[in-house]
Amino acid sequence: MFGIDIPLPDFWVVYFFIFWVLVGSTAAPVVFRHKGHHPLIGIVVGAAVGALSGIAFTLLLAALQPLADLLDDPLASILVSIVVSAAIILALLAFVRRFVPESGGAGPRAVEAAGGPRAPVTYSARVDKVDPGWQSVQALRASVVIMLAGLTLIPVIWMAMTAFKSYPDAVASPPKVVFDPTLEGIVTLMTKRRNLDSAQIAEYEARDDLNWADRIMLKSGKAIIGQSDYVKRLRNSLIIAGTSTVLSVSMGLLAAYAFSRFRVPGEGDLLFFILSTRMLPPVVVTIPIFLMYRELGLYDTHLGLIALYTAFNLSFSVWLLKGFIDEIPKEYEEAALVDGYTRLQAFRRIVMPEAVTGIAATTVFCFIFAWNEYAFALMLTTDKARTAPPHIPSMIGSGVVEWAAIAAGSLFFLIPVVIVTFALRKYLLRGVTFGAIRQG
Amino acid sequence: MSQANAQALSPQSAAAAPPRQRRQTSDRAIAWLFITPTIVLLVVMNIFPLFYSLYLSFNDYSVIGSEPPKWVALDNYEKILTSERQRYWHNFTVTGRYALLSVGLQLILGFGLAMLLREKFRGSGLITTLILIPMMLSPVVVGLFWKLIFDPSKGFFNYLIYTNPRGGAEWLSDPTLGLWSIVIVDVWMWSPFVMLLCLSGLSAIPDYLYEAAAIDRASAWFQFRRITLPQVMPLLLIAVLFRTIEAFKAFDVVMGLTGGGPGDTTETVAVRLYSEAFLGKFRTGESSALAYIVLIIIIAISNLYIRALNRAREG
Amino acid sequence: MATIELINVEKKFGDVHAVKPMNLTVRDGEFVVLLGPSGCGKTTTLRMISGLEAVTGGQILLNGRDVTWERPSDRDIAFVFQFFALYSHMTARENIAFPLQAQGERREVVRQRVEDVSRLLRMEHVLDVRPGALSGGDQQRVALARALVRHPAAFLMDEPLGALDADFRETMRAEIKRLHIDQHATTVYVTHDQIEAMAMGDRIVVMSDADVQQVGTPAEVYHDPANLFVARFIGSPGMNLVPGRYVRGVLHLAEGATYKVPDAWAPSLDAATRGDGDLILGFRPEAATVGVDSAIPATVYATDLHGGYTMLHLELGNNTIIHARTTREAKYAINTPVRFDLDPAMVRFFDPATEAAIIPEVRA
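Protein chains in written order, with this note's numbering: chain A, 1 to 440; chain B, 1 to 315; chain C, 1 to 364.
Just so you know, the hints here were simulated from the structure itself, not pulled from any lab data.
Keep in mind that this is a model prediction, so the values were computed, not measured.
We treat Cβ as the ideally placed atom computed from N, Cα and C, and that holds for glycine.
Heads up, a few of these hints could be off.
What the hints assert, rightly or not - Label pairs and their computed distance ranges (CB to CB):
{"#": "1", "chain 1": "C", "residue 1": "Gln101", "chain 2": "B", "residue 2": "Arg311", "range": "26 to 32 Å"}
{"#": "2", "chain 1": "A", "residue 1": "Pro329", "chain 2": "C", "residue 2": "Phe13", "range": "29 to 35 Å"}
{"#": "3", "chain 1": "A", "residue 1": "Glu334", "chain 2": "B", "residue 2": "Asn310", "range": "40 to 46 Å"}
{"#": "4", "chain 1": "A", "residue 1": "Ile157", "chain 2": "C", "residue 2": "Gln101", "range": "44 to 50 Å"}
{"#": "5", "chain 1": "A", "residue 1": "Glu334", "chain 2": "C", "residue 2": "Asp343", "range": "52 to 58 Å"}
{"#": "6", "chain 1": "B", "residue 1": "Arg311", "chain 2": "A", "residue 2": "Ser173", "range": "49 to 55 Å"}
{"#": "7", "chain 1": "A", "residue 1": "Pro329", "chain 2": "C", "residue 2": "Glu108", "range": "51 to 57 Å"}
{"#": "8", "chain 1": "B", "residue 1": "Glu78", "chain 2": "A", "residue 2": "Pro329", "range": "54 to 60 Å"}
{"#": "9", "chain 1": "B", "residue 1": "Ser153", "chain 2": "A", "residue 2": "Asp209", "range": "39 to 45 Å"}
{"#": "10", "chain 1": "A", "residue 1": "Pro329", "chain 2": "C", "residue 2": "Ala174", "range": "38 to 44 Å"}
{"#": "11", "chain 1": "B", "residue 1": "Gly65", "chain 2": "A", "residue 2": "Thr382", "range": "18 to 24 Å"}
{"#": "12", "chain 1": "A", "residue 1": "Glu334", "chain 2": "C", "residue 2": "Gly162", "range": "30 to 36 Å"}
{"#": "13", "chain 1": "B", "residue 1": "Asn310", "chain 2": "A", "residue 2": "Pro329", "range": "36 to 42 Å"}
Just chain A, with the same shape it has in the complex (with noise of 0.2 Å):
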């Protein structure tokens, strides 16, 4: 399309390159202004700075080649590289701060104490953290947790890019970073194909009832025949994900507020045997299951895959409600009841209300985990009700690895999961832990 193709350059030299720079910009602009200097001043020494570090990383990495080969130890080589040039910007670093020349002309100090910052301190903070040599510091603990992230992202990234690729550039050795965008991989995963001879080629070229996906796949000389069994998986995924999410947070709802609110006896030993069906690997649950369902009619079919997630997500959506209803004080539904509401009145006019935020994390939590759901999918599953996640590696038995269908279909798999995640963000912590632990 664009006629772009680069493999995968030497990471690590990029990598370093920038990480130094970014190191570079942040920390000095805090020594520069603390001398009274611009910071932007700071912020082009910073990044010259960061510069000459990344270029001794690179250097110091091609000297180290025959040392590496010799050892047959590239990684030895990395690591050493790593360790000299974050000695070197931290060198320079404190070079420029202890070298840089106070401001003459900038006026006065605004205190008069020595040793205090250029600027008045108008906000709350410890005398050893208006120090610029702290403050750097945490420039630079910035600086690593923006990287380590960037890192810890690669792995997505890089399949969302794969989803993107043709069918050469997704299998090409060495691996491309920049290549031609195509939709082949989505149309490949959505669709079944068969292959075209040349005379079919040139045949199908000179119709026009094409659409757009008919000529993505013309290209590499395939006919679209039908629509593959990933949409029918995502569909199964999606009811049985859905379903199963609202039964066990209606469930879960009941149970939670009863348990919050009433006494019941026994209730420590309920909830116990509660959170305990969550603890089970669903292996072990699965072959009396799949006896059961065998003889109940229920292997393979939605109902099964259903009730079983249901039951699954139950112990959890109860803990996690529990928790939430708990936080809503007694008094307001004690109020409705002398006010002449019913016990369930009050539930549905007050506290459903309130918990309102508890229920809705709560079922976008269930829905992750029913729709990330592999194991008893795999096993209680075969056709009519199989779910996507079983689904996407059975693509890789069949002869040529699509790895750029599978990669697409990962991500149409793995985008409503990150959306999630950022919704969810403020109650992660209580998901994963059963509500026990609330965020600070």
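Given the coordinates of chain A, assemble chains B and C onto it according to the supplied hints.
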């Protein structure tokens, strides 16, 4: 019953005893009405299967065989634990090694990240959420795209480890590296979880403790060792227990990544259980016994975990 | 032992002053109380002295040494926090030992000093208990012991009794005072409780609206408040303040009542009002004596028996209520008209425009 009576006799209800009594009984009815569906479903889907499974574990039975279950008492357990121990012992060591390595690394990385993210800076909220993404992803899909990443020629992992790839390591088909690749993926996925727990632990440490320590002339290292570490310790414990339980359940990532291979070098207990029960000979009886052994281990750890959770909730 | 000097020390949060430029010298061994309502900047001042808050301007000297930008740990001061700030995961003993261990003291030394200080505070029996299981008073003792154990140059205490029950407070107040006398350590003590301030302080710094209102001994701030704020804030109830119009030696109060000012005051008041102007008369409840042929008429609004004495609430007309102290036996029915006199040595006058006290030229 005694509890209901005790409440009915509470002081302020003396005058309004009759209606109070009625409210009380209807409350009890509602309580049971609300709880019963949950309990019934959990019993049907979890407890009944567990007992069924227990029964099967005392039988010689295969779901694809035409023979009905044959009572063999403790033979299956005897096989797994003594006579044919060699066959299964391997899976437990794999699981143990995997648990030890991945939980250990997750603790170090997660705690390290939390310490880095502890002091807020502009955009730190966004960064935290970005780091948390892996934890929310579907394990099997994660296993799958890491499979591509680990591919010796098409994946980029070797390019990250080796500046000048000459052939490169066969991550997924090398017996030692196979387990390591699962550990790497597990660490990638779950370090954020440990980080999240540690962050909440760190943010719960009141500032004044550090102010007091600064006044008391404690060095940064002394503060870390004597205040930070002991204060987050309960949450670290929760993280360790939770991750250990999960390690014994490890199935999705392994299936997506190696399927237990190469050979059986990455075959965790859960994967072995699956292949015994649903592949090849469908040894239902024997695999039920194995399932029970795993279950007992997990229940033991879960007990500790839930106790730790309860303490965290109270304290 | 140490002196503490604040020179033009100020703190701003954004554009708002938390502490306006203030000057203060705490002498060696002195017990100075920073007193004021919440939000007046007293805690911020204390935190600036300790280094837990960086100053916006000014200088802080400790023993003549400029410590303005030194870390809290380099200042050789101890700080007792309002909610004790005890390390919840350590026993009382470990809490007390912490400052010594942080400096790498030898084990025997730590042991010895912890024992000494716990004997001093009579708390040996709680040493192996964690703070969570201790009573408020014992937690306070641990916090004090942690501060004392290091023999710091100065003590800073931020409402150390604020979190205690009322009856504990009395005991701890006495203990702290006693401790100060024994140790003779320079102490800056923050409180919003004026009774505490009066009882403990060698000198009191009254603060309000981020500014110092008055610095003086307890007797000075009680008897000679520098302005209306101090007059109202110190004492419970505060000083009675009655507005009136001063015309040549006589103060005309509401509804035709008059008060002949003491002769000693007349020249100063003449000077202040140029013979004719508005003034505020101030007097403590104990300065008023109810009598049959007294000068100022009033009506009994309410009476409270305070154990040792009776507090009369008298209405002067114009809805001004004043408080007067009488004997325990005195009984007055509500709405009875009464008359009262003022002890001429105990009246004070304030300028309603500047709110400042009028200073007599020659004290009678």
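We went through each hint and held it up to the structure:
1. Gln101/C / Arg311/B: 26 to 32 Å: Holds: the Cβ-Cβ distance is about 27 Å, inside 26 to 32 Å.
2. Pro329/A / Phe13/C: 29 to 35 Å: 34 Å, holds
3. Glu334/A / Asn310/B: 40 to 46 Å: Roughly 27 Å apart at Cβ, these two residues miss the hinted range, so it is violated.
4. Ile157/A / Gln101/C: 44 to 50 Å: 48 Å, holds
5. Glu334/A / Asp343/C: 52 to 58 Å: 57 Å, holds
6. Arg311/B / Ser173/A: 49 to 55 Å: Check passed, 53 Å falls within 49 to 55 Å.
7. Pro329/A / Glu108/C: 51 to 57 Å: 54 Å, holds
8. Glu78/B / Pro329/A: 54 to 60 Å: 57 Å, holds
9. Ser153/B / Asp209/A: 39 to 45 Å: 40 Å, holds
10. Pro329/A / Ala174/C: 38 to 44 Å: Holds: the Cβ-Cβ distance is about 41 Å, inside 38 to 44 Å.
11. Gly65/B / Thr382/A: 18 to 24 Å: Given range 18 to 24 Å: holds, Cβ gap about 20 Å.
12. Glu334/A / Gly162/C: 30 to 36 Å: Roughly 33 Å apart at Cβ, these two residues keep to the hinted range, so it holds.
13. Asn310/B / Pro329/A: 36 to 42 Å: 23 Å, violated
In summary, the numbered hints that this structure violates are 3 and 13.
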